[in-house]
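Work out the full structure, taking the sequences as your base and the hints as a guide.
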Amino acid sequence: MNKQERSRHYQDRVRKAIAKPSLQDTLHRFADAYVVAREAAFAGHDFEALRRAIGEMKDQVRDNLSRYQAEFTANAEAAGATVFVAKDAAAANAYICNLAKDRGVKKVVKSKSMASEEIHLSRALNEAGVETLETDLGEWILQLSGERPSHMVMPAIHMLKEEVAELFSEVTGKEEPAEIPHLVRLAREQLRQGYLDADMGITGANVAIAETGGIALVTNEGNARLTTTLPKIHVALVGLEKLVPTIEDANRVINVLPKNATGQLITSYITWIRGAVPCADESKELHIVLLDNGRTALAESPHCRDALRCIKCGACANVCPVYQTVGGHVFGHIYISAIGVILTAFFHGLDNASELVRACIGCRACVAVCPSNIDLESIILHLREVLGEEEGVGVGKSLVFKKVMRNRKLFHGMLRAASLLQKPLTRGERTIRHLPLFFSSLTDWRTLPAIADKPLRDLWKGLPQKVEKPRYRVAFFAGCLNDFVYPEIGIDLVKVLNHLDVEVTLPLEQSCCGVPALYSGDRETAVAMAEQNLDALLHDDPDYVITSCPTCTMSLQRDFVDLLKDNPVWAEKAQRLAEITIDVACFIADKLDGAADLVKKAGAEKVTYHDSCHLKRGAGVWQQPRQLLTASGNDLVEMAHSDRCCGFGGSYSFTSHPDIAKQILGDKVEDITASGASCVAMDCPGCLMQIRGGLEKQEIAVRAKHTIELLAEKL
Amino acid sequence: MTNRFVEQFTKAAQNVGAEVHLLHEQKALLAYLGERIDGSLLLSPCPSLERAEIPAALKAAGLDVIDSNFRERGAAAVAGLSGANFGIAATGTVVLESTAEAVRIATTLPEKHFVLLDPQKILETADHAVPLLNDFHQQLPQAYLAYITGPSRTADIERVLTIGVHGPAELHILLLEGLSDDLMER
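Note that the protein sequences, when read in sequence, are chains A and B. FYI, the numbering for the first sequence is 1 to 715, going by this note's numbering. FYI, the numbering for the second sequence is 716 to 901, going by this note's numbering.
A portion of the hints provided could be inaccurate.
[As the list claims (entries may be wrong)] Computed footprint of chain B on chain A, listed as stretches where at least three residues anywhere in the stretch have a Cβ under 8 Å from a Cβ of chain B:
#	region
1	152-158
2	184-194
3	215-229
4	259-269
Derived by calculation from the structure, the hints in this document are not laboratory data. Built from N, CA and C at the ideal position, the CB exists for glycine as well.
What follows is the structure in structure tokens.
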């Protein structure tokens, strides 16, 4: 399939998924229940410490993979198992199929294993003339429907009970009612004989323990216990990343896995198996297939290797707004959601991952809940860069990044020109409600702000700053949106900071932070932008560099350092800038302690707060704006899902995935409306564009404001 | 009662749908089982049950006890009875050294699983069980160890929690004092 075809197929699947509201409803309801259950499960536990420990342990295994693999193999074989290391899917399938043929196996029962999905083991066995029966309820449903799992832990989460009843009716030959207890009972009865008849049981493993040569299985249904007990041959298909050094380490993983996967303290069954255990007065024949299939390549990739820490809990899907909108059949290949994007690239090839790499909106919700401390978003960004190099960033984008954005005067000149060109569309207003022709879809579901008549940089000279004895002299990094679309935010920022005895400068040589280029996979342009901005911002040696856009903040604090770390000329400067860069709300609350000095005008408004992804999960700032809003006399009410993405995501909502962005915005607008507030505050001009646009388009009378604007209103 | 985790254990096990009862004497045990078993009972081999002469008492009470040929007779049994090596209070888990196949069949195939646990043998958390797991692996060249927490469950259809899919639909944990103080019993 060529790139265009692939992309068309993908977009088609996105549209179909969005057109299925029952899917979104199920996934949203699950997501809500999950958050509550997970929090209860971790009560009294230090999640950060737990995940740090798992990450460190997994890294140790990765860095000594051959040693642990050898230790595991020796101990498993000493206990009577046969261990086979399969370099790829074909080798694993061939080994298992040959074994089945050699032992005269007619029927296999399987308990749930993502590794077997990964290598299409059932298909290989069926082609070899061996009947396979999935015994996990969800997997059995999918075997009947001919689909693949849409979630790692809950494979059939996309299906309704009515659809399941229909499938089961085909099995029994009579109409089965769509009642869940009945359907579960039916599965028990239908599958029971399978265990008794099967000649071979196939399982995965949640951990493989080097010091014992044993494995452990984490299940709820009890099918793995039957699968490993009744048939005389047991094959365990285990990804190499499941190796852990000791029982204690295995316990560490098992302690966290169910809590993070489904919010259960523990699953119904944890099964520890070492060696050829007794079976029908003999010993069981146990084969352990250790699967590489891209894992050692992943271990050697410095940017991506943290993904091998994954314990397959599926939490990254549970909290992902994109997953909640389109499900795992769209946002996944075999492995789904954020981790799926990365594993697909290594296990199934970059080609299969290329659409998924772009489908991540970058909200970092997954990073916050990952039990192995994987910075999934950073790895996905890296893959996007690689893809940019392999497939190009797109002709139009590439030209903009390379020729325009890197040249500040040209870039800003074009923005000024756009301000004039848009005149017929804005009808003198600050927002664009409708766009003509093929741009019309962009304003179907949100208004767009007009580019300001005069950017902040032009207004700056006329801005009086009356600070007699400044406590600090700070430089303001406005970012494109504040400079050219929302200059009023910059003006309010000066007003508030001056009031708190801080003098503000606007270094005019500053340009775009480079994120649009970086997130689209053009690293070269991002490096050029980082260098330009470092020169501009550090020139006058300010006490702090203040930001009002969290994406810019992350860029200045994190990306510049990473982009320039190997460059001796720039690395130190980037480090210095990272140290003095601070978000404006954080600056006022933490450095000025000025919250008490913010109210001059009385009058409380009911304000709700939207946490911007990059502010809360990037910069770790979420309490400070709330503090300031309350201290300045507002009546703060929390909306549901306050830290869920608004669906902006920069070019995500314009070019790459506007359909998904629109859905996510719809959820946000619903939550804002339900809060009963008359104003929604936020600290990101991108979120502001998205949320204000959504509210205006739906004609909802709720003001959307940057926190700094609300603070300025009180002065 | 001196074990300080009994209450926590009981609550945690009940939270996940297990029945937990404290029985003070064998007579109560026989009555409890007699009321709930209508069919044959797979009796998992367990030294402390033997020592307490429970198998004989069950037979004397008229229960249809199966203690051999589990592979042939297991599928038709309605219940299984086993001991437990120890409990874990934080999660309401019972831990069964299940290397002998009969233990596994008795505790996986039937609809009801009755497990006898001496309340003295309740540990606080899974972390406290790690040294015991290590000991089992030292002692047993081949090992099959089972943590059982509540009945078999699934939420695979519309995320609705449903009990009893492949394993036992009922888990009865019967706390019987004086049964055994050996956590490594096998």
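Structure-based check of each hint:
1. Evaluation of the coverage hint for the region 152-158 of chain A: fulfilled, as 4 residues show C-beta separations to chain B shorter than 8 Å, against a requirement of three.
2. Look at the region 184-194 of chain A against chain B: 6 of its residues bring a Cβ nearer than 8 Å to a Cβ of that chain, three or more, so the hint holds.
3. Requiring three or more residues with a Cβ within less than 8 Å of a Cβ of chain B, the coverage given for the region 215-229 of chain A holds, as 8 such residues are present.
4. Look at the region 259-269 of chain A against chain B: 6 of its residues bring a Cβ nearer than 8 Å to a Cβ of that chain, three or more, so the hint holds.
Violated hints are absent here; each numbered hint is respected by the structure.
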